[in-house]
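These protein sequence lines map, in sequence, to chains A and B. Residue numbers are given in my numbering: position 64 of the first sequence equals residue 64, and the series is strictly consecutive. Residue numbers are given in my numbering: position 162 of the second sequence equals residue 1162, and the series is strictly consecutive.
Treat the hints with care, since some could be wrong.
Claimed, not checked - A short, non-exhaustive set of chain A residues, derived as facing chain B with CB atoms under 7 angstroms:
| # | residue |
| --- | --- |
| 1 | L63 |
| 2 | F95 |
| 3 | N195 |
As the list claims (entries may be wrong) - Here are a few chain A residues that face chain B, going by a calculated C-beta distance under 8 angstroms:
| # | residue |
| --- | --- |
| 4 | S61 |
| 5 | K84 |
| 6 | L93 |
| 7 | A101 |
| 8 | N119 |
| 9 | N122 |
| 10 | R125 |
As the list claims (entries may be wrong) - Here are the simulated BS3-like pairs of lysine-lysine, each with C-alpha atoms no more than 27 angstroms apart in a straight line:
| # | chain 1 | residue 1 | chain 2 | residue 2 |
| --- | --- | --- | --- | --- |
| 11 | B | K1106 | A | K121 |
| 12 | B | K1076 | B | K1197 |
| 13 | A | K84 | B | K1037 |
Treat the hints as calculated values from the structure; they're not laboratory data. Cβ coordinates follow ideal geometry from the N, Cα and C atoms, glycine included.
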Amino acid sequence: MEKPKAHIDRNNAVVKIRGLKKSFDDYQVLKGVDLDLYQGENLVVLGRSGTGKSVLIKVISGLLTADAGSVEVLGCDMDRITDKELQQLRTRLGFSFQNSALYDSMTVRKNLEFPLVRNRKNLTRGEIDAAVEEVLDGVGLLQAINQMPSELSGGQRKRIGIARTLILNPEVMLYDEPTAGLDPITCIEINELINEVQQRYHTSSIIITHDLTCAKETGDRIAMLLDGQFQREGTFDQVFDTNDKRVKPFYDYNFIE
Amino acid sequence: MPPYEWKEVMRQCYEVGVRSFTLISLTGFIVGLIFTKQSRPSLLQFGASSWLPSLVSIAIMRALAPLVTALIAAGKVGSSIGAELGSMRVTEQIDAMEVSGTKPFKFLVVTRVLATTLSIPILATYTGFIAMLGGYLNVATNEGTSWTTFVTQFFDPLTFVDFVSSLAKAVVFGFTIGIVGCYQGYNASKGTEGVGKAANGAVVTAMFLIFIEETIIVQIAGWFR
C-alpha cells in the first residue's frame, strides 16, 4: 500500500536536538546527535542494536537526561523544564514501547482510561467511555475492550499500546521498534496504522526500527544512526544509494537481491 | 493526592488483607495455643497456672501479635509488592505511566505504602484476638476456666501503654513493609533476575528492619511504663 501524502511544515521543527551526548558508564552511546523533526513528518531512525536509537527517544520524552547538548520538544527546553511542565509536555507526546508496556493488572478499558482520567479531570463517565471506544475502534480492537493484556496477541498488544497513547491526542508520537517480533502480515497492519495515525491525528513521529519495510512504508525521511551520530539522512532511496559497508548490509539483509 | 487514588488505596488494602488473612488466622491461633501450652508446665511448678491468661496476654499483645503479623506480611505482601513493581519496572510499565503524564510514584508507591500502613494494625489486632482464642482453648481444656474469667484475666494486666505501643509497632511495621517492598520493586533492573532480587530483597530487608524497630519501640515503651 502506498504511503498517503503527508502535510509537512519544514519551517516548524517540533523536536530540535543539537549536539546531544549520552553515556552509560564509560560507553558513549550518542556522540553529538543533531536532529530536527518537522511538523507532520514521519521520521524513521535506523541503526544497529546498541547504537542509542531507543536512548534518543527516551531523552526526548524525558525518561533519560542528556549528558550534553540541547533538546527542545514542542518549544520546551528539556534542560530547564520543571517537573510540572514535563508532566504537561508528556500529555502532548505519545510513546509506543517495544513490548507495548500495557498495564498487565488492568483490562484494556482500564489501560486506556488510565492516562485520560488523570490528565482530563473534568470528563464525565460517558465522555471517558466514548473516548476509549473511539480510539479502540480506530485501531480496530473495540471487541477487546474488556480483555486482559495477557489474552491478546503481540500485534493486538501493540495496537492497544498505540491506542493508549492516542487517547490524549498527542502532537508527537515516538515509536520504539513498532514491528519487532511480529509476523509480516501484522507488520503491514502496524505500518498502515502508523500512517493512519499520522493522517488522522496530524502527528509528527519518530519511528525507531530495524525493519526496512517499516521504514520504507512509514518514513517521510530516514536518518541513520552510525557510530553515535546521524551520518546519512534523506529519503529511503537516498539513504541506501551507497556502498558504505555500515549501511549496505541493512538493505541486503532486508531485501535479498 | 487526588481523591480517585483512594480507590487504589482501598484495592491495595483489600489485597493486603486477603493475601495474608488465612495464614495470619492459622498462625495467630497456633501461636496462642502453643505459647499457652509451653508456658503452662513452668507456671504449674510454682502453682501459678491461674496466671496463664495474664502471661499470654502480655506476650501476645505486647510483642507477638504485631511481630508475627508483620513477619507474615513481610513474606506475603512485601515480596508481592517487590515482585509486582519489579516486573512493572522491567517491562517498562512504570515508564509508560511516566510518559503518559501521570506520576507512577503516587499511583504505585503512595497507595501501597498507605495500604500496608493502614492494614497491618488491623491485621495485628485480629491476630491478637485469634491468638487469644488459641490460648483460651488450651486454658479451658486444662483448667476449665470460663470465657468470661479468661477474658477478664487476659485484659487485666494490660495498660494503655501496651495498646498504644502495640499499635505503634504495627503502624511502623506496616509502613516498613510497604516502603521497602516499593523501593526494591521500583528500583529493580536486569530483567527477570531483577524481579526475583526485588522480591527477595523486600522480604529480607523488611524482616531485618522489623526486628530492629521492635527492639527500639520496646525500649521506648519501657520508658513510659
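The hints, checked one at a time:
1. Interface restraint check: L63/A against chain B, minimum CB-CB distance 6 angstroms, threshold 7 angstroms, status holds.
2. Using the Cβ-Cβ criterion of 7 angstroms, the hint placing F95/A at the interface with chain B is satisfied: the shortest such distance is roughly 4 angstroms.
3. For N195/A, the suggested interface contact is broken, since its CB lies about 22 angstroms from the closest CB of chain B, more than 7 angstroms.
4. A hinted interface residue such as S61/A counts as satisfied when its beta carbon comes closer than 8 angstroms to some beta carbon of chain B; here the least separation is about 5 angstroms, so the hint holds.
5. The beta carbon of K84/A comes no nearer than 11 angstroms to any beta carbon in chain B, farther than 8 angstroms, and the hint placing it at the interface is violated.
6. Because the closest C-beta pair between L93/A and chain B is about 7 angstroms apart, less than 8 angstroms, the hint holds.
7. Given the 8 angstroms rule on beta carbons, the hint for A101/A holds: about 4 angstroms separates it from the nearest Cβ of chain B.
8. Given hint, N119/A at the interface with chain B, holds; its Cβ is 5 angstroms from that chain's nearest Cβ, closer than 8 angstroms.
9. Look at N122/A: its Cβ only gets to about 12 angstroms from chain B, farther than 8 angstroms, so that hint breaks.
10. Using the Cβ-Cβ criterion of 8 angstroms, the hint placing R125/A at the interface with chain B is not satisfied: the shortest such distance is roughly 12 angstroms.
11. With a C-alpha separation of about 16 angstroms, the suggested pair K1106/B and K121/A falls inside the 27 angstroms cut-off, and the hint holds.
12. This hinted pair checks out: K1076/B and K1197/B have alpha carbons roughly 15 angstroms apart, not beyond 27 angstroms.
13. The straight-line distance between the Cα atoms of K84/A and K1037/B is roughly 60 angstroms, outside the 27 angstroms bound, and the hint therefore fails.
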